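A.B. asks: For reference, the chains in residue letters:
2 protein chains.
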Amino acid sequence: MVSRERWSSNFPRWFDWILEEAEIYDYGRYPVKGMGIWRPYGFQIRRRIIDIIREVLDGRGHEEVLFPLLIPETLLQVEKEHIKGFEDEVYWVTHGGLEPLDVKLALRPTSETSITFMESYWIKSYRQLPKKYYQIVSIFRYETKATRPMIRLREVTTFKEAHTVHDTFEDSERQVLEAIEAYKEIYDRLAIPYLVSKRPEWDKFPGALYTIAFDIVMPDGRALQIGTVHNLGQNFTKVFDFKIQLSDESHDYPWQTSYGISDRIVATVISIHGDDRGTILPPNIAPIQVVIVPIPAGSEEDRRLVDKTVKEVEKLLAGHSIRVKVDDREEVRPGAKFYYWEARGVPVRIEIGPREAKNGTVTIVRRDTLEKMETPVSTLVDELDRLFNSIYETLKERAWNYMKSKIKRTTSLDEAKSWVSERRGIVELPWCGMDDCAAQMEDMLEAKTLGTPWPREDAPGMKCPICGRDAVTWIRYSKTY
Amino acid sequence: MVSRERWSSNFPRWFDWILEEAEIYDYGRYPVKGMGIWRPYGFQIRRRIIDIIREVLDGRGHEEVLFPLLIPETLLQVEKEHIKGFEDEVYWVTHGGLEPLDVKLALRPTSETSITFMESYWIKSYRQLPKKYYQIVSIFRYETKATRPMIRLREVTTFKEAHTVHDTFEDSERQVLEAIEAYKEIYDRLAIPYLVSKRPEWDKFPGALYTIAFDIVMPDGRALQIGTVHNLGQNFTKVFDFKIQLSDESHDYPWQTSYGISDRIVATVISIHGDDRGTILPPNIAPIQVVIVPIPAGSEEDRRLVDKTVKEVEKLLAGHSIRVKVDDREEVRPGAKFYYWEARGVPVRIEIGPREAKNGTVTIVRRDTLEKMETPVSTLVDELDRLFNSIYETLKERAWNYMKSKIKRTTSLDEAKSWVSERRGIVELPWCGMDDCAAQMEDMLEAKTLGTPWPREDAPGMKCPICGRDAVTWIRYSKTY
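As you go down the protein sequences, you meet chains A and B in turn.
Taking numbering that gives the first Met the number 0, I'd label the letters of the first sequence as residues 0 to 480.
Taking numbering that gives the first Met the number 0, I'd label the letters of the second sequence as residues 0 to 480.
Derived by calculation from the structure, the hints in this document are not laboratory data.
Note that the coordinates shown come from a computational prediction; the quantities given were computed from them, not determined experimentally.
One should not assume that every hint holds.
With a cut-off of at most 27 Å between alpha-carbon atoms, the simulated DSSO-like pairs for lysine-lysine come out as follows [to be verified]:
id	chain 1	residue 1	chain 2	residue 2
1	B	Lys130	A	Lys314
2	B	Lys395	A	Lys123
3	A	Lys357	A	Lys371
4	B	Lys32	A	Lys103
5	B	Lys371	B	Lys407
So these bits of chain B aren't anywhere near chain A, every CB distance computed over 10 Å [claimed, not checked]:
id	residue
6	Tyr29
7	Val64
8	Tyr209
Where is the CB? At the ideal position from N, CA and C, for every residue including glycine.
So that you can see chain A by itself, here it is in the shape it has in the complex (with noise of 0.2 Å):
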């Protein structure tokens, strides 16, 4: 019994179909709201997704660390700006057993305060300088708003922070820079697509002096963030006392940059490379980069061949390190397990029948464009590894096609309206760089401000479409997750 949910046409219901379809996360039946469970399957692709993280900032001078959980209310508290943004959604450990505590801990919503208490001790000189740590953890937020697996939850359990310090603003500044293209590189590997902007000033991380964000276009028209990175000048280092020798001997606070990735990363690589059949994952991070799937037809002789040859071929895709399932159920139907393999994203599918197996061929299908070729046996490595290429390619071209679709520049207040309402994207107009007419644009298009184009981008000879006056820029609003 096939149930398929519309990936274009009804995106939230098709990502809580697959998401236990594909026995990917569960979602709603553990008893508390926001937290869901990584299954195996789903387990397996975010740890490859951790890996090309863990590759790309190992590979830019990362080093990998692991704080506490637990903030004592006193470190949060340190920084003023930061504990207003988050002390509505904190959650509190008040008692250890049946104790109460002396000072109240917080499960840690991000760990700015933390990491700089310690980096106070451990950083004394500019010779020690730039830092860079991160660590991939659980943060915890008391959402009130409706929550969402994977997207939008009470426990992350995949939020990647890095924490850097610098001896000066201008190097800060230069690590945004590389955060960005750090981000870039990790989405261009996933096959991802990105729209990177200043966020405005009222939805800059608290504590920071700006934040650049990367947002995505979902296929319900809605924008998605997945990931920020922000200039936190010296605004913690200052909190908290903590200072270095600088090059010319005087003492100084350093500079800091932050900047995070969440479970959504995951969200966002099973959406966006989906279909009406379920999703596609692009080889790199696929559990199960083949799947062979024997068919049954013909003599008793015909079938030992058909076994033989599966055998054969599963060996020598697993000998060139190809991650190789055969689904030899006997009591499913070849269709029902193209059904089952298609909805979980395996990239390739390869079928032996009587007749490849007599003619030493497969025939492969892959689950981007569904097309079907057969292959001899002999030239099939070379054939799997041009395939896993084009796969990738293709998933890509498809996905920032898909994604510029959706972003309308525009002057027209009316057209950018409609255009957010019918839920067909994110739309930029002309902003004369007043918060206040920023603001107004917000109310009447009923859509979130995404902020500013990064790089920057002047808007000659446009007009704020609010108070008429000379755009300097473009802003960008759009209906949110």
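Model the placement of chain B on the given structure of chain A, informed by the hints.
C.D. replies: This is chain B only, laid out in the frame that chain A set:
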């Protein structure tokens, strides 16, 4: 300025010293008792140990998952013995933001309850069994005893907990054996010895039928528990009313086991393979396997030749996937570099001076024996391969011999008493099998009961030193952590 601590004569100080000196783990500065920070070097050791755990478990058909940190009080209470065992040491979340929560949430002390709850949704038939899940997560216990870095923590950041389900008791017993084999394999790969005991009734895991434990003798003669395996019987499946269809079409509660390894695995590797200079890492988990120290001497031309050779050797080793680092700090003398990397346990040091550079050789110093030898660059890669194996074998043999020397089998309570009170290790005494006699021995020895040998051992002709009846087996005692 060299400050070191004595490994065998003052182990507790040595352990604190090495964590700080080698920048492994920061403990005592973070403002919550019993919680520390994995620093970059320690994190990389830990990560490689985790990789081995994953390899061994995945290779035996375990599937990695990730469950929520927070367990509602209502779920944790379902199994009565279980909650009794943990209620004094659970951290409770009582507030989300400023609002009190309807149901208190525990920071997981272990996950039997939440995992069994979800398994009851996922597992319906014997055909899905055996099922072996595991996760590697933080757990929390509000310890009232003195805390110790990695050994007795309030946040245990590396808890590998496996949870399995079976259709028969026999299969759960087979799983206990598999778990023990898996743990032996993990510790063997780390060159770590172990003693396997069946814990006494009064010290089994809360909710289990029985507990098998792995212990080791630390350098101060105290035993440390480094792994436990529990047969849970049907205790948890019954209270969660989790039934499955059996092969005869009847329905019954399935059987479970669980088994865990904690941060202590890292503490053990660092400690057991130690000496007065620091730790000695087995090459398979050393973040840096070879450090190259250029020896600056001779003419300007000599130095250029040394630099050139250093770069060539670095490239050669990196090209063979050897984790190599060149310590080219100009301001630090070679002797200080030797000290630095010896403390960090880098298994092999390579020295290259003008003489070596001219001869096409390098000087190799192995960390375990401190033996020096000169080797031609042309055979260096093979030599290192041989050396890594030899270091592993030497560490393993040394550690096993050390532990064997710390276990005393005796029939004399007096001899046993002086053995444990002088912290010479573990004693084994004949035992009649009566809990009362075991408890009396525990009192007299002022030591902890580790339990009986696993597999079970007879004690033919021996008498219980308390009651004088025939002994049925041996029983182990030790000072413990």
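A.B. asks: Look at each hint and say if it fits the structure.
C.D. replies: Consistency of the hints with the structure:
1. B:Lys130 with A:Lys314: Between lysine 130 of chain B and lysine 314 of chain A the Cα gap is close to 26 Å, so the pair holds against 27 Å.
2. B:Lys395 with A:Lys123: violated (40 Å)
3. A:Lys357 with A:Lys371: holds (19 Å)
4. B:Lys32 with A:Lys103: holds (13 Å)
5. B:Lys371 with B:Lys407: This hinted pair is violated, its Cα atoms lying about 36 Å apart.
6. Tyr29: violated (6 Å)
7. Val64: Non-interface label fails for valine 64 of chain B: nearest chain A Cβ at 6 Å, not farther than 10 Å.
8. Tyr209: At about 26 Å from chain A, tyrosine 209 of chain B clears the 10 Å cut-off, so the statement holds.
The structure fails to meet hints 2, 5, 6, 7 from the earlier list, while all remaining hints are met.
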